[in-house]
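Protein chains in written order, with the numbering used here: chain A, 1 to 80; chain B, 1 to 902.
Treat the hints as calculated values from the structure; they're not laboratory data.
Any given hint might turn out to be false.
Said to hold, decoys possible - In the DSSO-like style, the derived pairs of lysine-lysine whose C-alpha atoms are separated by at most 30 Å in a straight line are:
hint : chain 1 : residue 1 : chain 2 : residue 2
1    : B       : LYS28     : B       : LYS288
2    : B       : LYS244    : A       : LYS32
3    : B       : LYS288    : A       : LYS6
4    : A       : LYS7      : B       : LYS244
5    : B       : LYS89     : A       : LYS6
6    : B       : LYS442    : A       : LYS7
7    : B       : LYS28     : A       : LYS7
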Amino acid sequence: MNPVRKKIQRLLVLFAFGVLALNYPLLALFSKTAFGFGIPLLYLYLFVFWVIFIIFIAFVAERKKMPKTSYPLTYNRKAD
Amino acid sequence: MLQEWVILLVSLCYLGTLFAIAYYADWKSDLGESVISNPYIYTLSIAVYCTAWTFYGSVGRAAETGVGFMPIYLGPTLMAALWWFLLRKIIRIAKVYRITSIADFLASRYGKSSLIGGLVTIIAVVGIMPYISLQLKAVSTSYYVMVHYPDFEMIQEHRVTSIWNDNAFSVAMIMAAFSILFGTRHIDATERHEGMVAAIAFESVVKLLAFSAAGIFITFIMFDGPVDLFDWAGRYQETARLMKLEVLPGGYTNWFTLTFLSMMAIMFLPRQFQVLVVENVNEEHVRKAAWLFPLYLLAINIFVLPIAFAGMLLFPEGHVAPDIFVLALPLTEGQDILALFVYLGGLSAATGMVIVATIALSTMLCNDLVMPILLRVLSIQQVDLSRVLLFIRRCSIIFVLLLGYFYYRFIGESYTLVSMGLVSFAAAAQFGPAIIFGVFWKDASRRAAISGLSAGFLIWFYTLLLPSFARSGWIPISFLKHGPFGIELLKPYQLFGLNMFDPITHSVFWSMFANIGLLVGISLFDRQNTMDRIQASLFIDVYRHSGDTHLWKGKAMITELKDLLARFIGPQQTDRAFARYSSTHHIDFSKDMQADAELVEFAERLLSGAIGAASARVMVSSIVEGEEISPEGIMKIIDETSQVLEYSHQLEEKSLELEAATKELQEANRRLKELDRLKDEFVSTVSHELRTPLTSVRAFSEILHDNEDMGKDERHKYLDIMVKETERLTRLINEVLDLAKIESGRADWFMENIDLTEVIKEAVASTSQLFREKAITIVEMTPTFPIRVFADRDRLMQVAINLLSNAAKFSPSEKGTVTVRVYYKKREIRVEVADNGPGIYPEEQKKIFEKFKQITDLRNGKPKGTGLGLTICRRIIEYHNGRIWVESEPGKGSKFIFSLPD
């Protein structure tokens, strides 16, 4: 498969996964007065998920070096 | 306790530092070195998202709703996952078409319509007004806290009567001056502000450090780390309830709404669009920013909950507003320096937002609202417009800040920071559908976008902004409680009786419903004009076109173009741009007087950087003669895909046709070659066949000529031979002519209903002489009744006679028997002539019907006949749709059979 398409699909799936994980009903599972490592469960879940999500974005975004696509290209190409 | 002058001095010094940084970056940029061209500065500039709302308001919201502050930062984190393809595409579009603001972007996308540009500008200005007032409120409150702490009476009572001793007004004016210095030093064709970006990045560092410093101090020094803090918080009902989501007003729906709003806001707030898209140096930076920016958000939020809990534990009486906990806590502990640093962080957060927002809005106001009107109303032929542009922008900045100030003064007191900000978020979200659909969906049309935007904006205005006036007493409160004129169905917080949502969700639901519904619905039924379709294609297929569209067909004089540009962006910049163009395109402007399409387009883009796409189009078309848009250009853009498809389809068909034609040609060629070979063979055989009798006739006539004294018998014998040979010659020539006639289709056929039996009988009768000569028995087995066939009588007779005479020829004399049968078989009428002659070898059986293929006599090896008889027979029978063939075995005689269809 085209690497650009693959990357886009991965990012879309990641996005959908994030939206699901950060909303009802998954979120309701953690909405209780309980502590994990001395930190309220809800806070712990949200922040840990946040960190993991960032790692995932970094992983997908940086994983494969795509061909550079800067614009305008003429700045890089010396006019000869 | 710090003196007021210290605080003022530090504030001004800080602002001075910012200006120094900006000036340095601009200076570097003029030298050609960009200090901001890296993903880290880019990320920090995006962090202008974190304003005073984040700095002070998050803690306030956390103190009321626990995690309720988080969706505002989780939304952008989620959105960052989509940046790599959504944001990158928008950046590419903006760079290729020199987009300078979100209004410009939407106007360009929807047919360079100045109506859309103006509409977006109005929405943006009105929508951002609460947001700017939020910053003013935060700065002025934090200043009062710094000056009067711990005298909360004074802090609460700082409401003033005249604007001249209102410190928020001073803040607004200082910020206006600052924005003017940053953003409108000169008109730049690219409309990028390197200095501003550098200053913003610096501010992002300051606010993160300040907030973290406060967080670390409160969490680790005032308490024993977060675990200790949460342990304390868990013991009190007031704080423990914040650990669940149920405290969130509006519950999970509200949570979802806020996430959605912040996802839209991070992309489509005018200032975010400014830093994300317009100020972007390299679209590759998006890759790193997509995870660095969420990391920044995480870092700046990590201490929000601890600070909120600490504040609630230490100020349980509620006399300190939660919005100022972050400042009040260090002050309570006597940490004046830390508090000053925190105050500076808050100032950073507020000024950063105000600077970028006012610059973005002033560009929009100038390019998309004022200029289009000005260009239409006034005659601006001889004025140096670059000064006018700068003047308009400076006025716009002051106007925007004044709007924010008045909103703050009249409304701001009755709202918390976050609820003010959310009103703005809901306004910015109105841009989302038009942009996202516009970037991926070609059919999104101008009318649909206008309808969607206006409807969304009006609903937002009615359900969020008007109620804020009502709540502050500027409109009777009955407007909220009983609806306008007592119409319950139109209550702004329960429009059409929808009463299950909190005000924000309610407004977002209705406005998005109308916005997206109209955008999609009208697009589906709308018919776009050429310009709209061109712009849609240019945006959606931006990676394919990348700018070289050559839309302009008409010609313009280069000098006129230069004059036009110089009026807007100044002569120096114009000269520089043209010089660069001539060196990269190898065009000598001193020779060429006429600008070609590419140059006109280049000029239009430069101009649209300064005055917006819609106005630029109007200005350039005023000096270009001839048709605006070349049909080829349109075809190239709109129909490229379909054209390519069509073309390849045609190509495919053509190649199939060609293939078939080639096959036919090859076949024809093969047949021609075969025919040619046959003809050669035929000619040589015919000449050979003709020569044999001729030679013998000549030889005998020479003998007769030379020997006059030859005996009578002998002479008679020779003459006899000569007569026979000439007869043979005549027969041969007749047959050749006959065959040629049949083969060329020039033979005359007299088709009629005839009795085949009778024909055969006649043929037998006419050949009976041959059989008698050789004493061959002939047996006729013909039916007694007539057999009707539709045929040429003479030709059939010819075939029968030919077969019979062949049989007579090959049958042995005396013992020979020839049988003629006429019968039905397999729905055919068959005529069979059988002899008991020597028979034919199998390999010869096929050949004998070909021209000049004579049967080798099995007895003496000498061919008899002309070799054309059977060929003619076959032609005749084939003409009658019949078949002719031979069945034979050497030594057992032969059967010649022909059949005719019944």
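The hints, checked one at a time:
no., hint, in the structure
1, B:LYS28 / B:LYS288, "holds, 24 Å"
2, B:LYS244 / A:LYS32, "holds, 5 Å"
3, B:LYS288 / A:LYS6, "holds, 18 Å"
4, A:LYS7 / B:LYS244, "violated, 36 Å"
5, B:LYS89 / A:LYS6, "holds, 17 Å"
6, B:LYS442 / A:LYS7, "holds, 23 Å"
7, B:LYS28 / A:LYS7, "violated, 36 Å"
In the structure shown, a violation is registered for the earlier hints numbered 4 and 7, in ascending order.
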